[in-house]
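Visitor: Quick mapping for you: the protein sequence lines, in order, are chains A and B.
Quick note: the first sequence uses my numbering, first residue 1, plus one each step.
Quick note: the second sequence uses my numbering, first residue 1, plus one each step.
Bear in mind the hints are in silico, worked out from the structure with no lab data behind them.
Beta carbons: idealized from backbone N, C-alpha and C, even for Gly.
Don't take every hint at face value.
[Claimed, not checked] Cβ-Cβ distance ranges computed for the label pairs, FRET-style: (1) B:Asp99 / A:Asp4: 38 to 44 Å; (2) A:Arg60 / B:Gly226: 39 to 45 Å; (3) B:Trp207 / A:Glu62: 43 to 49 Å.
[As the list claims (entries may be wrong)] A partial selection of chain B residues facing chain A, derived with a Cβ cut-off under 8 Å: (4) Lys2; (5) Ala6; (6) Ser245.
Listed below, chain by chain, are the residues.
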Amino acid sequence: MLDDEAITLVRQAQAGAPGALDRLCDRWLPTVLGWTLRLGGPRIDAEDAAHDVFIVLFRRLESLQEPRAFSSWLFGITRRVVAAHRRRAWVRRWLPGKVPDHADPSPDPAGRAEQADIADQMWLAIESLPGHQREVLVLCDLEERSDSEVAKMLDIPKNTVKSRLRRARVALRGQLGALAIDLPTPEAVAGGSR
Amino acid sequence: MKYADALSQLRRRTAPTPEGLGRVREWLDLGLVPATRELSLLPEATPHALGRVRRRLAQPPERERRTGWLLAGASLCVAATAAAMVGGPLWDPAPAQLDLAVQALLCGATNVASVQLSHTVSPVVCTWLGESEAHHELSHADDGNTAGVQSFVNCERWFAEQFRYLVEQVRDAVHPETGASLLDSTVVLWVKELGDSRLHVCTGVPWILAGTGNGFFRTGRHVEVGTTHDGVLTSVANAFGLPLSTFGAGTSGPAEVLR
């Protein structure tokens, strides 16, 4: 799953080589922040969660037995941290639940706003999926990872990845009924994953 | 719209921005890596907690900084347990805990902080002072045991020095908006649980209160409060605008002699 260079970097960081931990942060921060954004949904502070993931990483890196499994290990940490942030967000659910507005400097704000609206509604719909479906949908459909890679990351059989993805897409279809999004039918989805 | 197009939009919508990545990287760069090792000794002042405080410090103030008070207990349990677990000395984490409390007050992360340095029947052995008996055993040294009494005094002096350090940190902390010392608007209270530890006497318990709490208390005096300890706590609450007439299960009312 990881190339030799990435594995070497993990080993160097474990051994406390100067600068290795910094390089490890640089290498993985975009991935982790992407995960916290997509798995956590719009109601959590994804940057805060990504920061928390790295704090756990710093504390536990030495205990990682197999550097080859680093990405799967890191995803496991992210999943737990995101779950904790989601629980806190759930407690705060009495606060206004709208997706926060973001300044948009693009030249065509009207068209971009419409697109952003669809993206935000998709984001909320994915957020409402059960955790194991959300993970697979994010990793397979949003991040375009292969079934095999996701199976290794989640430590589940490849067929389970496929069945979860199928159920996630069906559920998403139900959530997005009001939007004119042409989701693949369940039948097409059945064999549609890689 | 096709599913693939919608996914593509969501992918862009949830892509980490350079600004977001920069923020997280900056938080991580604010000393968290070395702090992880340094503060892993502490069960409460975790790197995580310290990171949050440092991050708040790095951000512009978002709300009015109010004032707070610190309750410093005379026991060492929590830190001692942590130190015992790692076989490390106690004196390392104590100032770190106190620093963390002061920074948390200063940046508005909290208005109240308490630091408990041990507990009843304290098992702490102040080895860094050259002592070999536990604090609790020493607290029962009778007058005939002059060496034991001296050892107890040595230990108590160390606790007093920690309190002095705390007060100095609060005094030297400058309120970012008023430019005044944080001590002007803070009360730092050092509490003990016994008057005469040898007989477990709960009267004449010595407490030290530093900081006037915006002029609420008259300091620089030795006074006999004349009430049970909850009266002092009621007064501290009153100093910060809480209109309590009693505190906890106490019935003594505020300790007016402190004003």
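Visitor: Give a verdict on every hint.
Guide: Verification of the hints:
no.	hint	result
1	B:Asp99 / A:Asp4: 38 to 44 Å	holds, 43 Å
2	A:Arg60 / B:Gly226: 39 to 45 Å	violated, 54 Å
3	B:Trp207 / A:Glu62: 43 to 49 Å	holds, 44 Å
4	Lys2	holds, 5 Å
5	Ala6	holds, 5 Å
6	Ser245	violated, 32 Å
Checked against the numbered hints above, the structure violates hints 2 and 6; every other hint is satisfied.
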